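4 protein chains.
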Amino acid sequence: MLEICQFGAGRIGQIHAGNVAANGRARLRYVVDVNASAAEALAAKHGAKPSTTEAALADPAVKAVLIASSTDTHADLIEAAARAGKAIFCEKPIDLSLPRVDACVKVVKQAGVPFFIGFNRRFDPNFAALRAALQQGAVGRVETVTITSRDPAPPHPAFIATSGGMFRDMMIHDFDMAHWLLGQVPVELFAYASCLVDPMFSAAGDVDTAVVVMKTADGVLCQITNSRRAVYGYDQRVEVFGSAGLLQAGNVTPTTVSRWGADGVVADKPLPFFLQRYAGAYRAELDHFIDCCLGDAKPVVQPEDGRIALVIAEAAVESVKRGTPVKM
Amino acid sequence: MLEICQFGAGRIGQIHAGNVAANGRARLRYVVDVNASAAEALAAKHGAKPSTTEAALADPAVKAVLIASSTDTHADLIEAAARAGKAIFCEKPIDLSLPRVDACVKVVKQAGVPFFIGFNRRFDPNFAALRAALQQGAVGRVETVTITSRDPAPPHPAFIATSGGMFRDMMIHDFDMAHWLLGQVPVELFAYASCLVDPMFSAAGDVDTAVVVMKTADGVLCQITNSRRAVYGYDQRVEVFGSAGLLQAGNVTPTTVSRWGADGVVADKPLPFFLQRYAGAYRAELDHFIDCCLGDAKPVVQPEDGRIALVIAEAAVESVKRGTPVKM
Amino acid sequence: MLEICQFGAGRIGQIHAGNVAANGRARLRYVVDVNASAAEALAAKHGAKPSTTEAALADPAVKAVLIASSTDTHADLIEAAARAGKAIFCEKPIDLSLPRVDACVKVVKQAGVPFFIGFNRRFDPNFAALRAALQQGAVGRVETVTITSRDPAPPHPAFIATSGGMFRDMMIHDFDMAHWLLGQVPVELFAYASCLVDPMFSAAGDVDTAVVVMKTADGVLCQITNSRRAVYGYDQRVEVFGSAGLLQAGNVTPTTVSRWGADGVVADKPLPFFLQRYAGAYRAELDHFIDCCLGDAKPVVQPEDGRIALVIAEAAVESVKRGTPVKM
Amino acid sequence: MLEICQFGAGRIGQIHAGNVAANGRARLRYVVDVNASAAEALAAKHGAKPSTTEAALADPAVKAVLIASSTDTHADLIEAAARAGKAIFCEKPIDLSLPRVDACVKVVKQAGVPFFIGFNRRFDPNFAALRAALQQGAVGRVETVTITSRDPAPPHPAFIATSGGMFRDMMIHDFDMAHWLLGQVPVELFAYASCLVDPMFSAAGDVDTAVVVMKTADGVLCQITNSRRAVYGYDQRVEVFGSAGLLQAGNVTPTTVSRWGADGVVADKPLPFFLQRYAGAYRAELDHFIDCCLGDAKPVVQPEDGRIALVIAEAAVESVKRGTPVKM
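Chains as they are written, first to last, in the numbering used here: chain G, 878 to 1205; chain A, 878 to 1205; chain Z, 878 to 1205; chain W, 878 to 1205.
If you're looking for bench data, these hints aren't it; they were derived computationally from the structure. Every value quoted in this text rests on a predicted model; they were computed, and no experiment measured them.
Which copy is meant is left open, because identical chains are indistinguishable; a pair holds if it fits in one copy or across any two.
Straight line, CA to CA, 30 Å or less: simulated DSSO-like cross-link-like pairs of lysine-lysine: (1) 1092 / 1204; (2) 940 / 922; (3) 1198 / 1092; (4) 986 / 1204; (5) 986 / 969; (6) 1175 / 983.
With the rest of the complex left out, here is chain G (with noise of 0.2 Å):
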């Protein structure tokens, strides 16, 4: 049994820790949350004890941290983590700066533990399949990566302040799909980006709405769209196309059930948000951690994945800003 220290009590927390407890290779042994009742709840549930940060990384029967705590706490945790020699699956961003996350990245290496950037959408069964068949040449060579990512409705404001901004809190996830399907780095990136949805973005020097093209150094070509709301879900779709056809990974509905009537063939639209159409690959992804930390898999998610999503994210932000394209 993998005992687990897991920061953070929140909504992702709770996947989380009900992950561990289905996975039956692991077991939850501590939960610290700044608020106290909400750990101490999380940790009741699963037979955990709330703790504190030291205490917990203290205790050589923790083999492995689960960072799910805010983004400006990611970098600490990790790099105490790694000093601790626990293994590491930290939410996405390590941070939300270039050289804090090049830092924390260094102290990880130094340390030699398993650290694993949870990049969710590598363990969607539908992006995994999608890719898979890539790799087994179902598209023969990639010409063109067609992302389409745009959330139900905004965040909180609150929230908008301290995101990053849409690039680095929620393009991101792209850029590392970008990455992941292309298999390599692009050079080169292009954004327009405008306010259409809602001015608080703005207001909050952000943006709502954009589009991104990317090249590598061979030429293949990647676009990405995204938008702060869709009235009718969670659109998540991706498509890659290349010398011997095209592969599109759609969404997913809750049901298969259509009506057909006066007004037309009416199915299901999406599923609302990423905790229903991410579920599976919430379980997956901490499933190949667990069999990581146990010995039985090696990462697929690598330290420098989440560096290079968030060097993508400022060229894009820095595309914005000049109204030029940006190299890597």
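Given chain G, put chains A, Z and W in place with the hints provided.
For chains A, Z and W alone, kept in the frame of chain G given last:
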């Protein structure tokens, strides 16, 4: 140029006349209709002349007739045309009485003229492709055929009385489809029929909703469902299941447009009725008939086919009346 | 916490035990199985103890039993559990003999314990959503129900002999589905059945391919088709047609990925079999049973439902034997 | 009857001539082509006469011209026809040089004749229905337009040299589509282009793969992707995303047949190329032109539209050359 005399200048007659014009290898010479002005108008549109049955059939320049007049005129016109040595295209059915059909087919065979009953669905690109795949072994050995056929709305009450009833007027198309897809004539059937759509059907001694099951000598099964009303349009679907899989032909829609909104994903409902759904089938069917007349093709519909479909329809009527299965 | 004794530690028993563990409001106390090591292993996995029927039922801490043992043990266990005052969840069928079922249901009613027959499909999200829409009037008055149900591959030959035959073992699910969707028990049916898939079925006096039509007292029609083999996976579809439209529940696929190539657009085939397709249904079903035991819900499956499905299955067997329609 | 002179008797000329014949309100009077036998053959098929440019334009009976000759003849023929007072339908483009286009449009405006550039996609039933829904507010305020356009196979090498390059020859259709769907001319664009399909493109100074992003004055964004080769057929799709949802127009397939087998569910790939996909669009477009000439409709394509699409194409060429965004 194949010179054609057409009987009937109504709705379906206009379709056929237009398809003759578009064919390029045939020409409408005469139009015959009890409604003189309709005949004149249609003739004028296509550079033809209105005429009488006798005069038209006596003209040796006329090599083929196209019978699109009312059902009760079909058998007489077929016999007259056959005796005059003309190739014959006749809208289904030959007649609603089986003895009359037998007599008629006999005359046609004696005359040795090409004879072609208008089972338009065999020429629908979807069903034609399904059957071609079937014949290429796409599903292996056929085990079950499922046919769904629903009209958008009940016919005019006046029509019901003279229609011969739902089995002879409507499901007869599905019986031909079953025969065509099974590649053999079923040996027995059982039918349930109800009046659920409109009491005018039962008032006329007819039904508006039915399911029929059939079996062949080697145990292959077929199920058919009919309704006289579907608010979502003309529902025409076929599934053939076999040892190596399933072939499905779905409805045809006006466009591929879908709208994704808060209320779901809304796509087009099927094309409204047979004139739209089978527009291409009518064209292909007539082109094939013209090819046959000009010696460039062999008819894919045989004189017996019309008879077989009617024999099955009679069995269905009998099954409902007796409440038992009926042998064909 | 609801303490449960589970009978049966086989494939489906493992599913149920896992769902009990995931539920959080119930706990497995005993596992009983003639295979002692299977009982032990499953008990160990979930912190339960292996036990005997007598000991387990004698323990007043046990409030509910979960019967997932072989079919021939169901009726005896149901009666014993009912007499011991336990709430009962039993995998279908109660028994393959109607008199035995009747006796069993009588005992359960006298005991007044919650009794729940495992018609898992009622808990499938797709069929559940279809029925909810139906009850909200999505298709108006129901006129025709169409059920397609095909297993991916024949069962083990040894199973066929004890299965009760395709109608009692397999189509019984569809009879319950029909009953559930129609909202009434059909009054008559007619069945055609063949052995087309594998001669081992006819050697065992069984069939592997069938179509059944049914009608209700008010003329609503239902058609069902079954096959013991579909090379493309588990085919589980339902259509309900009515005065205001059609509701369709399609198959469920592993992913939404499609590959567009020179050979066409290739999408996933359906999930392989019931363990995959109905994984969510099993979970929802058990959660509902636990809710019922804890007084938080009223059972949506009634003791009579199992009996009704078997009565219809008997009628189908009789119809094939006699070659005539049979009244229920 | 509208008497028409057609320039060009090639592949697309034959389509137009057939559509004139099918229209019923117009008649081909002359066919002009440098290839005399092609002109003669096409004229003979439709009861027209071969002629010369001068003679045809001098005939006062000719009220309209249909220009389907090679691109380099368009501008001269447009000006000559305009000066002769004929209504003009011209295949895109007016010319590959913007100054030449400007001069030409000026002549047409001075002449005051109806002028119609053949942007066939505006008449495609799918795109037309999408735009109609858009204008009825189906997605609220437009925020992002996504256009996918891929040819099935590269053009003949000889064509590439004279084509004007992918942006002017191929993506120009998508620029018109973007302009039409956005309802405004974008103010700036950025383009990435590569040669990934065939080195013959780069040898000719051309590209075969490109992505373009554009923005309007009010921040609405548009993304376009093109490829000169798609093994699965002609890929022509559009998505418009807005405040109230998304409209999607998909590809069109020959049939609705799918095959469910052990290897998945296989559906038709899209129609092969523009002659098939836009057959209905060509017909609708010509019918509309004839209506305009006869005073029954106002042109939905304006002389400026051809110019605008070319201006955008020029900007895309410039963007690739300079590696920066370019203002229109």
